[in-house]
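**Q** Residues per chain, in single letters:
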Amino acid sequence: MIALRTVTKSFGRNAVLRGVSLDIPSGQSMVIIGGSGTGKSVLLKCILGLVRPDAGTITLDGQDVTKVERDAFLARFGMLFQGGALFDSMRVWENVAFRLLRGTQKRPKAEAREIAIEKLRRVGLTPDVADLYPAELSGGMQKRVGLARAIAAEPEIIFFDEPTTGLDPIMAGVINALIREIVTEMGATAITITHDMSSVRAIADKVAMLHAGVIRWTGSVGEMDATSDPYVQQFIHGRAEGPIAAIR
Amino acid sequence: MRLLAPVAGLGRATLGLLAALGRIAFFTGQVLSHMLRPPFYLREFLHAVMQIGWFSLPVVGLTAVFTGGALALQIYSGGARFNAEMVVPNIVAIGIVRELGPVLGGLMVAARVASSIAAEIGTMKVTEQIDALVTLSTNPVKYLAVPRVAAATLTVPVLVAVGDAIGIAGGWLVGVNRLGFNSSTYLQSTVNFLEGWDIVSGLIKGAAFGFIVALMGCYHGMTSGRGAQGVGQATKSAVVSASVMILATNYLLTGLFFTS
Numbered sequence: 743m744i745a746l747r748t749v750t751k752s753f754g755r756n757a758v759l760r761g762v763s764l765d766i767p768s769g770q771s772m773v774i775i776g777g778s779g780t781g782k783s784v785l786l787k788c789i790l791g792l793v794r795p796d797a798g799t800i801t802l803d804g805q806d807v808t809k810v811e812r813d814a815f816l817a818r819f820g821m822l823f824q825g826g827a828l829f830d831s832m833r834v835w836e837n838v839a840f841r842l843l844r845g846t847q848k849r850p851k852a853e854a855r856e857i858a859i860e861k862l863r864r865v866g867l868t869p870d871v872a873d874l875y876p877a878e879l880s881g882g883m884q885k886r887v888g889l890a891r892a893i894a895a896e897p898e899i900i901f902f903d904e905p906t907t908g909l910d911p912i913m914a915g916v917i918n919a920l921i922r923e924i925v926t927e928m929g930a931t932a933i934t935i936t937h938d939m940s941s942v943r944a945i946a947d948k949v950a951m952l953h954a955g956v957i958r959w960t961g962s963v964g965e966m967d968a969t970s971d972p973y974v975q976q977f978i979h980g981r982a983e984g985p986i987a988a989i990r
Numbered sequence: 167m168r169l170l171a172p173v174a175g176l177g178r179a180t181l182g183l184l185a186a187l188g189r190i191a192f193f194t195g196q197v198l199s200h201m202l203r204p205p206f207y208l209r210e211f212l213h214a215v216m217q218i219g220w221f222s223l224p225v226v227g228l229t230a231v232f233t234g235g236a237l238a239l240q241i242y243s244g245g246a247r248f249n250a251e252m253v254v255p256n257i258v259a260i261g262i263v264r265e266l267g268p269v270l271g272g273l274m275v276a277a278r279v280a281s282s283i284a285a286e287i288g289t290m291k292v293t294e295q296i297d298a299l300v301t302l303s304t305n306p307v308k309y310l311a312v313p314r315v316a317a318a319t320l321t322v323p324v325l326v327a328v329g330d331a332i333g334i335a336g337g338w339l340v341g342v343n344r345l346g347f348n349s350s351t352y353l354q355s356t357v358n359f360l361e362g363w364d365i366v367s368g369l370i371k372g373a374a375f376g377f378i379v380a381l382m383g384c385y386h387g388m389t390s391g392r393g394a395q396g397v398g399q400a401t402k403s404a405v406v407s408a409s410v411m412i413l414a415t416n417y418l419l420t421g422l423f424f425t426s
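The listed protein sequences derive, respectively, from chains A and B. Just so we're aligned: the first sequence equals residues 743 to 990 in this note's numbering. Just so we're aligned: the second sequence equals residues 167 to 426 in this note's numbering.
For reference, chain A alone in the conformation it holds in the complex:
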């Protein structure tokens, strides 16, 4: 289980996280919603150690994430970045097999390529994509490659940072369905951050809303639709009027 307790993080005078507390049980798909600039990506980066929180604790299976052995800790994670973050100097298969070509999970090159092609197939891409460079792919294909890279080493925990941003509704639906299938199939713990309500409905076991630097609300998708919380209602219905200021 991932547990966050009163995590705070400021950038200069801008207090982004002001005491975030949240539990994500193993095997659960948690989706964090919230407006732009509310610190959703910072929260994920704090868990991964890419950003150091100012205060509070983050534990994974009871162990403080700042005190565990980094390589072993990171080997448990996969992440799909918002823009894909594919390495543009490498071919698609080398991106997917990055972790399998070096470090503690290193395999022979041929085997790593085989696994990469299998993962590409898993996300609906044909083997002929393997030898292309990321710049030769469409946005949707890049997301799929990012997804294949995130699952290549079969991690226990997968983070998805705005997985459908910049995609058309059909491609967004395809990515949402893939994420749901993969998370269920692998039994992985997943945290997704998104503004896209169709993603929330397709991916989430549980939803948390981040607002003003704290978790304002948590519950299932059904509870989200039924809640009377004005912040959640304004957000999920995309209303300009309500307690969340439209201009931030």
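Hints listed in this document are in silico derivations from the structure and should not be mistaken for laboratory results. Computed from a predicted structure; not experimentally measured. Even glycine gets a Cβ: it sits at the ideal position worked out from N, Cα and C. Fair warning: there could be bad hints in the mix.
As the list claims (entries may be wrong) - If you want the footprint, here are the derived chain A segments under chain B, 3+ residues with CB under 8 Å: (1) 778-792; (2) 810-817; (3) 828-842.
With chain A's structure known, arrange chain B on it following the hints.
**A** Below, chain B without anything else, positioned relative to chain A:
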């Protein structure tokens, strides 16, 4: 309060400079410590050798040949004031191997390589590729900076050696074709005059300049701000800081090597 404003501004600038020096020193320490510990990324190192060493040869060669030629003309016309035209081969040789070869070679590599390293790594930073490296259990300093710094430290002395030879050849071409020197006398004079330490000191400078160029490229790339403007600023800072550090280091090394 307004009277103290310039003092406060000076204090802020000094603190900012000291903080930047501290960050560069810390980054240098990280690079050196990772250089000595496995894993070593041989493929990335060889790629950097090609990018930094091989592809810089044309620009370093062209700079050297024109510098050698211009130097020969200057020394000939300056030497004529006290009937010392015959020192052209000697001064061209010593000027090229001790100073102009390493310094101009270093500056040209700074312009070409520090900028491209900073732009490449800066773009990787703003597109989250560096964060992706971390999540893939790969240390960005070890994977991105160490191969480039090692490659530049090893290849720039080779570039300097090639530049020295081409620069001397530039002086020889001008000396023989425009200034009326006998070809074999010019070359013999050059060979007889140069000492081993003249050449070695230039190569040591080249290694130091290569280290500086790649280090500044990597540092500014990794600390790049957001967006195209951030990457542009990182690129500019990399070239300026590498160039200034090359000139300052050149002065220090020249003092160390030749004034004892």
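**Q** Does each hint fit the structure? Answer for all of them.
**A** How the hints compare with the structure:
1. 778-792: Three-residue rule met by the segment 778-792 of chain A, so holds; n is 4.
2. 810-817: n = 4 at 8 Å, threshold three: holds.
3. 828-842: Our answer is that it holds, as 5 residues pass the Cβ test (under 8 Å) against chain B, meeting three.
Against the hints set out earlier in the document, no violation occurs for any number.
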